Amino acid sequence: AQTVTQSQPEMSVQEAETVTLSCTYDTSESDYYLFWYKQPPSRQMILVIRQEAYKQQNATENRFSVNFQKAAKSFSLKISDSQLGDAAMYFCAYNPLYSGGGADGLTFGKGTHLIIQP
Amino acid sequence: DTEVTQTPKHLVMGMTNKKSLKCEQHMGHRAMYWYKQKAKKPPELMFVYSYEKLSINESVPSRFSPECPNSSLLNLHLHALQPEDSALYLCASSQGALAGRETQYFGPGTRLLVL
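Chains as they are written, first to last, in the working numbering: chain A, 1 to 118; chain B, 1001 to 1115.
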């Protein structure tokens, strides 16, 4: 079974600074997807960024970028120029490329609560 | 457009009530999901419909019953719930490509309180 670990329950950063959220995962698969989702107090789960394991290039979306280290099974999220609107719970998630049958869905980490200090 | 809609936004029900949650998407996605999320916890998968075929998380009690009338609509029927079933219920959809599930897009959720 796959597991996703986020070792930072809470992080705090000054507005306009850069912050990195950590995520490690365990899987025996060679092809899979990794995601970062953001969940603000409104509770809507919003996709931040996605990475396909077969792509060596790290994904970027505006101020958000990832550092994907496949051999180390590490998938960290860097947020540059932090804004007050970035305050939320951030979840790292794993999805296999090929379903093994049954209800597999997304495997989530426990989340990191990001606080932005004005 | 990556919109998934859910109704109602909030629901309060007694343990003897029967109610239903509704989820809808018009992105042509062929896979739809129900997740349950307790406070300060990550979402947990309950059910998946992929190409109208149902997959069930075996730990979900039978008082939750999913229904997929068509590929755009997903319902969750609730009957004889317990107070511990109070949670945020999230619906998601994805393209459901036969080779994999791809990106899941979430609705805003239904906040359920069971008294």
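It should be emphasised that the hints constitute simulated quantities derived from the structure, not laboratory data. Values in this document were obtained by computation on a predicted structure and should not be read as measured data. Accuracy of the hints is not assured; some may be wrong.
Stated by the list, open to error - Pairs of lysine to aspartate or glutamate, DMTMM-like flavour, derived with a Cα cap of 20 Å:
#1 B:K1038 x A:E15
#2 B:K1009 x B:E1102
#3 A:K110 x A:E10
#4 A:K70 x A:D31
#5 B:K1009 x B:E1024
#6 A:K70 x A:D86
#7 B:K1053 x B:E1102
#8 A:K110 x B:E1024
#9 B:K1041 x A:E10
#10 B:K1018 x B:E1102
#11 A:K70 x B:E1044
#12 A:K55 x B:E1102
#13 B:K1040 x A:D86
#14 B:K1040 x A:E10
As the list claims (entries may be wrong) - Residues of chain A clear of chain B, computed beta-carbon distances all greater than 12 Å:
#15 Q6
#16 Y37
#17 E52
Heads up, the beta-carbon is just placed ideally off N, CA and C, and yes, glycines get one too.
Next item on the list: Determine which of the earlier numbered hints do not hold for this structure and return their numbers in increasing order.
Entry: 1, 2, 6, 8, 10, 11, 15, 16 and 17
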